[in-house]
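Participant: Keeping their order, the protein sequence lines are chains A and B.
Note that the working numbering has the first sequence beginning at 1, numbered continuously upward.
Note that the working numbering has the second sequence beginning at 1, numbered continuously upward.
Read the hints as simulated data drawn from the structure, not as lab findings.
Note that the structure is a prediction, hence the values are computed from the model and not measured.
Misleading hints may appear alongside valid ones.
Said to hold, decoys possible - To give an idea of the chain A side of the interface with chain B (calculated C-beta under 10 Å), a few residues:
id, residue
1, 2
2, 156
3, 159
4, 160
5, 161
6, 180
7, 252
8, 255
The C-beta atom is built at its ideal place from N, Cα and C for all residues, glycine as well.
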Amino acid sequence: MDRERFMKLLPWISTPLLLIVTVVIWKLSTTAFDISPFVLPPPEAVAQTLLEFSRQPDTWLVHARITLVETVVGFGFALVTGVMVGAVLGRIFWLELAVRPLVVALQVIPKVALIPLFVIWFGFGLTSKVIIAAILAFFPIMLNVLLGVRSVEPGHREVMRSLNANRWQTFSSLDFHSTLPYVFAGMEVGIVLALIGAIVGEYLGGNVGLGYMVVVSLNALDAPRLFAVIILLAGLGWLLFFAVNGIKRLMIPWHESVIETGIS
Amino acid sequence: MAAAPAVPELELVGVEKIFETKRATTHALTAIDLTIEREEFIAIIGQSGCGKTTLLRILAGLVRPSEGAVRAEGRSLWDGAVLDTETVNKLGIVFQDPNLFPWYSVEDNIALPLKLRGVDRKTRRARAHELCDLVGLTGFEHAYPRELSGGMRQRTAIARALSYRPAVLLLDEPFGALDAMTRDRMNLELQSIAAATRATVVLVTHSINEAVFLADRIVLLSPRPGRVRSITPVPFSRPRELELETQPEFQDIVRKLRHQLDEDT
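So that you can see chain A by itself, here it is in the shape it has in the complex:
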């Protein structure tokens, strides 16, 4: 019992400790090894910039909001199309067989390599970033849903059959619930990829977004600012992931992934 309690508390103790250790090593390496502050700014310089950020939120909040919108809208498109395509391909076997080589080929393309193309096609505005975010998030969602609709337990199907359930009843009582954990597994991967897509899109074109702030800080050789923006991006990533994770906990409280590990 005590051991169990300890195990539950462990991540809450270890995480701050590890963070402190990281900052200490960071600080020591800046002083002990005489690393140029352009390469690795000392932690207090980054903290200083973050403090400035918090005093003047309008310098970055606009950018953060834009990156957030690109990511969420792109992810939303990916979710809708991914669930639809995944469900259709999962149910219609011959169709999946017919498009499988193409899907695999598309999937292995390093999709960020296509970003310059999208910039040419859709301009430097939000559209190209939304599309990139959507494409990156689409594949994990679609593939998980495809797997999910095929992973309904035969025994459960048999129960519905023995109870003379019609198609709609079988869907709403069985397929829907059974596939939901797969949808969330895809979403948790997808949301992170969508953010990556939006940021890389901003690196390559446009003049808004946190990705753009990264590029500007780099061009100005402002290392503390660069670090601070990266920390903001990490925060945005956490926020989005835990939002998806939170919805998952609400929607499928019965699932193993929600009960056993605590997170994810």
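Please build the complex by placing chain B on the supplied structure of chain A, with the hints as guidance.
Facilitator: Leaving out everything else, chain B in the frame of chain A:
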């Protein structure tokens, strides 16, 4: 005075089942004639692979016989390839695996058949609670299946099958995965459930003891293709207690059945 039912509850006439796949043809059952009376408790035993599960699935309308007729209360289960759903709705089936839906609580699992039948929520809940009492799950109505022990899961599955008051309860080795002690207890409970609900019960099992303890008649199937090798009546009065298993009369029937099973190998 109620007239004695003229028609048997369940009837199999000349049932054959042949499974055909690309690689093999399996003759699972042949020349099965079996009549099961109302409120009778029938156990079907036989070696593994003798087609006893197939027989039960034919009774449940999940498998269509290749030849022959299946009738429930005199009505044929199949009209050509079409299942008579009205008749099937009077059957309750419990599988080897409880097959509970992990996303539903015990209560919602039990009430699932009622939900599919369009019964309103309040009535469903009341019935689920009633059944929890019957199968000994009171206090676990809101638990998820993963929070239950194996025995409790199978009780939930039995309660689910009983929810719509089926005239016939079909059980396919429901306690096969349970330890011996839990199994004894479940057998006692099954006996009292059968008495309380006055359902006709068909139980497939590979345990001779379980069959003799529970059944009014025991149908022994021969190895593939399965046919009815013998039908053994069990004369003990009810309710039966666990000590019955130590009685010489009980042992005699077990021995006789064991002998028949061994002869087939």
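Participant: Once the shortest beta carbon distance from residue 161 of chain A to chain B is found, is it less than 10 Å?
Facilitator: holds, 7 Å
Participant: Taking the least C-beta to C-beta distance, is residue 156 of chain A closer than 10 Å to chain B?
Facilitator: holds, 6 Å
Participant: Can you verify the interface hint for residue 180 of chain A: is its Cβ closer than 10 Å to any Cβ in chain B?
Facilitator: At about 8 Å, which falls below the 10 Å cut-off, the nearest Cβ of chain B leaves the hint on residue 180 of chain A intact, so it holds.
Participant: Are residue 160 of chain A and chain B close enough, Cβ to Cβ, to be under 10 Å, as the hint says?
Facilitator: At about 8 Å, which falls below the 10 Å cut-off, the nearest Cβ of chain B leaves the hint on residue 160 of chain A intact, so it holds.
Participant: May I ask you to test the interface hint for residue 159 of chain A with respect to chain B, counting a Cβ-Cβ separation under 10 Å as satisfied?
Facilitator: Holds. Min distance 5 Å.
Participant: Does the nearest C-beta of chain B fall within a distance shorter than 10 Å of the C-beta of residue 255 of chain A?
Facilitator: Holds - the Cβ of residue 255 of chain A comes within 10 Å of chain B, reaching about 7 Å at its closest.
Participant: Under 10 Å is the threshold here; is the Cβ of residue 2 of chain A close enough to any Cβ of chain B for the hint to stand?
Facilitator: With a minimum Cβ separation of about 23 Å from chain B (threshold 10 Å), the hint on residue 2 of chain A is violated.
Participant: For the hint on residue 252 of chain A, does the least C-beta distance to chain B fall short of 10 Å?
Facilitator: Residue 252 of chain A check passes; min Cβ-Cβ to chain B is 7 Å, inside 10 Å.
Comparing the model with each numbered hint stated earlier shows that hint 1 is the single one that does not hold.
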